[in-house]
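Undergrad: Take a look at the letters that make up each chain.
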Amino acid sequence: MEPDAQLVQGCLRGEGPAWEELVRRHTRRVFNLCYRFTGNSTEAEDLSQEVFLRIYRTLASYRPAFGAFPTWLTSVTRNLLVDHYRRTRRDRLTDSIEDAMPKLENKHSAARTPDKLALASELSGQLQHGLSRLSPELREAVILRDLQGLDYSEIQTVLEVPEGTVKSRINRGRIELARILEEMGLRPQN
Amino acid sequence: MTDWNCASTEERLSDYLDGILSPAEAAEFSAHAGGCDPCGKLVAQVGGLVHQMRALDALEVPPQLISKILDSTVGPRPQSVGWRRWFAWIPQLWQPRFAMGVATVAATLLIVLYTTGMSPAKLKKADLSPANVFRTANRQVHLTYARSAKFVNDLRVVYEIQTRLQPDAEPSPSTTPQPAPQQNSQPPAVNPQEKSQTSPHPGHSQARNGTMLASLLRTDWAANFAAIMLADTTRSPR
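Going down the list, the sequences are from chains A and B. Take 0 as the starting number for the first sequence in numbering that gives the first Met the number 0 and just add one per residue. Take 0 as the starting number for the second sequence in numbering that gives the first Met the number 0 and just add one per residue.
Next up, chain A with everything else stripped away, as it sits in the complex:
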């Protein structure tokens, strides 16, 4: 039996340390997925909490036959992210229009905060900028494949779409992200 499956069994028997261990093992994965999707640390923290709350409540419905625990966890996280995305779409639309204006000015502006400069200087930060400009479908596919390291079949399970769609989204997502980064003046190097 896998360690995760054993921990889940422990949780179902009401063992507190088993749940704590399960949380410790997977918080990083969940937080990273949330952060890469939303691009906001506070939102990612809140969403991570929400994910584990949902996992805690629905743990009894998990069966190892459905797939590995991390895949199930990723599915729950992804569904919450999609819900969150839909919930906040209206706010984001108004925000993105407001953001577009200073963005053009910012290109040559010296008034950028050191914090933002430090973030932009890191590949991680640049990548985050690029990801935030991808459509959510392409964004989640690229994150799951290249940042979370899931294979095609796992992504298929998480996204609940056919394999062809998964492949196509990953491919389009990568190409578009590379173009966005190039537009931003960044050229990825091998």
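Read the hints as simulated data drawn from the structure, not as lab findings. Wrong hints could be hidden among the right ones.
[To be verified] Covered stretches of chain B, as calculated for chain A (at least 3 residues, CB under 8 Å):
id	stretch
1	12-25
2	35-47
3	50-63
4	68-75
[As the list claims (entries may be wrong)] Sample of chain B residues lacking proximity to chain A, with all beta carbon distances greater than 12 Å (derived):
id	residue
5	Val111
6	Lys124
7	Asp126
[As the list claims (entries may be wrong)] The calculated label-pair distances, taken between Cβ atoms and stated as ranges, are:
id	chain 1	residue 1	chain 2	residue 2	range
8	B	Gln63	A	Arg86	22 to 30 Å
9	B	Ser7	A	Arg88	34 to 42 Å
10	A	Arg178	B	Ser7	12 to 20 Å
11	A	Arg88	B	Gln63	28 to 36 Å
All C-beta atoms in this analysis are idealised placements derived from N, C-alpha and C, irrespective of residue type, glycine included.
Starting from the known structure of chain A, fit chain B onto it as the hints suggest.
TA: For chain B alone, coordinates are given in the frame of chain A:
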């Protein structure tokens, strides 16, 4: 397959990068990308991006996130796990309530130590041996008992004087102002005021003295206590 073009290169790019193209397809892909500048550039760009993303370390979990998750699911936990459990009491020491308690206990101990005559400054290593601790404690208990016994005795003498003086307002000259005259070889103690106006009639002075003492004694308990103290200091220097 001869119709491999830019569209197919773009379409199969990820398959190529993930290594899931058949050898024949991979050969055609490479042949086209090698000869077509835009496709070659695209393959290099996307390949570089994928490589960089895979090499990127996962972000660290913010501190407290795990605690927040555990708090929101299983509720606040009374104890932490592992070695931290053994040191969990340390932060409690910094709580003001505990510190106040410690300060109060320390002050009480100090007061008790000083009243029983033990000074931590004069404490020697030998004093800490069980025999010495017992001896000191024993001595203190006896001393305290002797002091209280003396206090009660003195009090009894004062009350005796008080009751003898009470029936008649004019005290007899034989009654000395001292509470314990038989033990006192010195002349009766007089207060400085009395001394200054030395009377030519010693008997009269004694009578006045007695009256004063009686009135003093009659007033209240505090006066009794003062008299005892007076007797105590004049009688025997310890």
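Undergrad: Return the numbers of the hints above that this structure violates; sort them in rising order.
TA: Nothing - there is no hint that the structure violates, so all of them hold.
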